[in-house]
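> Chains as they are written, first to last, in the numbering used here: chain A, 1 to 289; chain B, 290 to 657.
If you are wondering where the hints come from, they were derived from the structure by calculation, not from laboratory data.
Please note that the accuracy of each hint is not assured.
Taking lysine-lysine and the DSBU-like style, the derived pairs with C-alpha atoms no more than 35 Å apart in a straight line are [as the list claims (entries may be wrong)]: (1) B:Lys412 with A:Lys123; (2) B:Lys492 with B:Lys398; (3) B:Lys380 with B:Lys596; (4) A:Lys69 with B:Lys628; (5) B:Lys386 with B:Lys620; (6) B:Lys551 with A:Lys69; (7) B:Lys512 with A:Lys69; (8) B:Lys506 with A:Lys123; (9) A:Lys69 with B:Lys513; (10) B:Lys452 with A:Lys123; (11) B:Lys415 with B:Lys456; (12) A:Lys69 with B:Lys511; (13) B:Lys503 with A:Lys69; (14) B:Lys512 with A:Lys123; (15) A:Lys123 with B:Lys549; (16) B:Lys620 with B:Lys511; (17) A:Lys123 with B:Lys398; (18) A:Lys123 with B:Lys548; (19) A:Lys123 with B:Lys574; (20) B:Lys386 with A:Lys123; (21) B:Lys433 with A:Lys123; (22) A:Lys100 with A:Lys123; (23) B:Lys506 with A:Lys69; (24) A:Lys123 with B:Lys511; (25) B:Lys628 with B:Lys415; (26) B:Lys433 with B:Lys562; (27) A:Lys69 with B:Lys433; (28) A:Lys123 with B:Lys469; (29) B:Lys458 with A:Lys123; (30) A:Lys123 with B:Lys456; (31) A:Lys123 with B:Lys415.
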Amino acid sequence: MTRLRPNLTTPGLLGPPLLWLGLFFLVPIGIVAAYSVDVYSIDPGPHGFTTAAWHEFLHSSVYLRLFWKSVRMSLTVSAIVVLLAYPLAYYLALSGTKRKYVLLLLLIAPFLTSYLLRVLAWKVILGNNGVVNSFLYWTGLRSPDHPLSQLLYSRFAVMLVLGYIWLPFVALPIFVSLESLDRNLLEAASDLGASRFHGFLRVTLPLSFPGVVAAFLFVFIPTLGEFVTPSLVGGANGYMYGNQIVDLFGTGFPDWETGSVLAIFLLGVVGALSIVFARFLRPRQVVTG
Amino acid sequence: METQGTRRLSREQLLKLAAAAGAGGFVGGRLGRAQAALDWLGAESGRLKVLDWAGYGNDGGQTMFAQYLKAHPGNKPQFTYMTNESDALAKLHAGVKADLFRPYVGWVKYFAESGLVQPWDPKLLKNFKLLNPFMVKAGQYKGKQYGVPADWGFDAILYRSDKVTPKAKSWSLLFDDRYKGRIAWFDDLNMLTIAGLYLGFDKPWRQSDSQLRKSQKLLMSKKKNVRLIWSSETNLWEAFGSGDLWIAYAWPNDWVQMKKKKLKVVYMRPREKPVAWVGMFMLLKGSPRRHLAHAYVDAWSSTRSAKWLEDNYGYGHANTHARPASSDLLKALQLTNPKAVTEPAAHLDRDIPRRSTYARMWEEVKAS
């Protein structure tokens, strides 16, 4: 007679991470959502369910414009960084260099230093007396009375620094997808008369597309809610949606209700985009014809 | 191990107990004496908890409460930091247990009415008589001393005299189109008050809806000229010192710091008058360490602490006997004039009844 023994392996393995996710991700989101409809409030006075803050947000041109501005900034950063990272990852994965892992290590070396330090270093580079302007003074292209002043405390500064910060994150998934590429397919394309460019366009690129999409999302999602970099190098013009959320929670007068609305809206948009992009993460087939 | 029943008293605690028992005996005989002693033991146990701004705790501000530490060596204060009053309010609502905290004068009425605080007993503050009477009055609500004044300063305009030629001694310099990209504002809803002062409203702290809209419109239309909306002085000093900024909403110490960098700077008092702010210690309701909290604030109010604050942090101190080593700071703060913080010299910052509306409108300015 055999005793039926429940298989505890799967729940045993999945249980703790799911519990972690539930407790420290889903429950806090639920709490923030409750603040957004005034079910929870830091105001000890009477309060109850209301969608007033949502209504106000959805009819506020100011907040939605700021959100759109942040979307545009994040899209620009993500697109440029993907374009820059692709050749880099391509070289590392497909050039056949024996030192590719050393080069990869060099690529991620900045991660060994603090995020804050890396952002602050750009202040030294971009300021009126920074490296760039000093070089321009030295070459005579600019005089110290007329420095390139829009380098720092501007939208440009935020996008530049975000691009710099996230570049290694982008290169890694593209590198992984290119590295796992079946080289026989490239050889087959070549044998069938495809030029290197055509081979790239019809074989390499489609097969590495999931890596490109993953890389794009890796940058787009965190930069959309970014607030540290804009607060350090953004000035008045580089202010982003993430800064607004932080400020609503913490400056002036605490407005957790509106702050929560903005946070949940951001989460919703990011979630929806992730679902849309997820279908592109499946391996693509080689383009034929 | 120390337990309540068997705890050993230090010599200092014994002396205090005796003093408390003596005081109790004076008013209530043997019973009062015993009660006072028990009260002291029961009520003042545990470490003093202070909710204060960064830089004023065990992270560099120890001199400010050195007198307290000397008297209570076994009760080193524990600090929780606040980034602003709004943050402090959120922390208090979230359950942070502190004995005292330090909002600014514009919040005294709000906190006094909130039920979160209780008044101080000035009789327990030896140095109270040294504090500026105008600031002391500003800390009162319904005749009770809810706020004990500490640090103070002005909001006015700092500008580079070699780069900027103001059209008038006015807040208008913060909105001047000629200096687009060279101006810094302060990240605070008081920018709406400044706009109200500039627009000539009679009660900038109590603007009507239409006035607020006008103030907000002005700020939104002039934001294009603003390079930086600063929230920390170091951030301002860095940008101003490197030449990125020429004009800034600033405090007196910012002028002193920029002078130290050999910049040609002027600290201009606008004709609409500067706004004066005063830090106010407030005692939280239900504090089990009321006497220790008083001792802490008394230490802050001493002339020695006050001078240290002026010399090291560049703010004024409500202690009228303190004088900074820097003659520039003395001049910028007008320390020889006890009425410097109030009319007709300046507008003393005050309660904004519709603070949440101001805050929301200021956030919209930043987001615009």
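> Decide, hint by hint, whether the structure agrees.
Evaluated hints:
no., hint, result
1, B:Lys412 with A:Lys123, "violated (51 Å)"
2, B:Lys492 with B:Lys398, "holds (17 Å)"
3, B:Lys380 with B:Lys596, "holds (31 Å)"
4, A:Lys69 with B:Lys628, "violated (47 Å)"
5, B:Lys386 with B:Lys620, "violated (40 Å)"
6, B:Lys551 with A:Lys69, "violated (39 Å)"
7, B:Lys512 with A:Lys69, "holds (16 Å)"
8, B:Lys506 with A:Lys123, "holds (32 Å)"
9, A:Lys69 with B:Lys513, "holds (15 Å)"
10, B:Lys452 with A:Lys123, "holds (23 Å)"
11, B:Lys415 with B:Lys456, "violated (48 Å)"
12, A:Lys69 with B:Lys511, "holds (19 Å)"
13, B:Lys503 with A:Lys69, "holds (25 Å)"
14, B:Lys512 with A:Lys123, "holds (22 Å)"
15, A:Lys123 with B:Lys549, "holds (22 Å)"
16, B:Lys620 with B:Lys511, "holds (31 Å)"
17, A:Lys123 with B:Lys398, "violated (41 Å)"
18, A:Lys123 with B:Lys548, "holds (22 Å)"
19, A:Lys123 with B:Lys574, "violated (45 Å)"
20, B:Lys386 with A:Lys123, "violated (39 Å)"
21, B:Lys433 with A:Lys123, "violated (48 Å)"
22, A:Lys100 with A:Lys123, "holds (32 Å)"
23, B:Lys506 with A:Lys69, "holds (20 Å)"
24, A:Lys123 with B:Lys511, "holds (25 Å)"
25, B:Lys628 with B:Lys415, "holds (23 Å)"
26, B:Lys433 with B:Lys562, "holds (29 Å)"
27, A:Lys69 with B:Lys433, "violated (49 Å)"
28, A:Lys123 with B:Lys469, "holds (20 Å)"
29, B:Lys458 with A:Lys123, "holds (32 Å)"
30, A:Lys123 with B:Lys456, "holds (32 Å)"
31, A:Lys123 with B:Lys415, "violated (48 Å)"
In this structure, the earlier hints numbered 1, 4, 5, 6, 11, 17, 19, 20, 21, 27 and 31 are contradicted, and the remaining ones agree with it.
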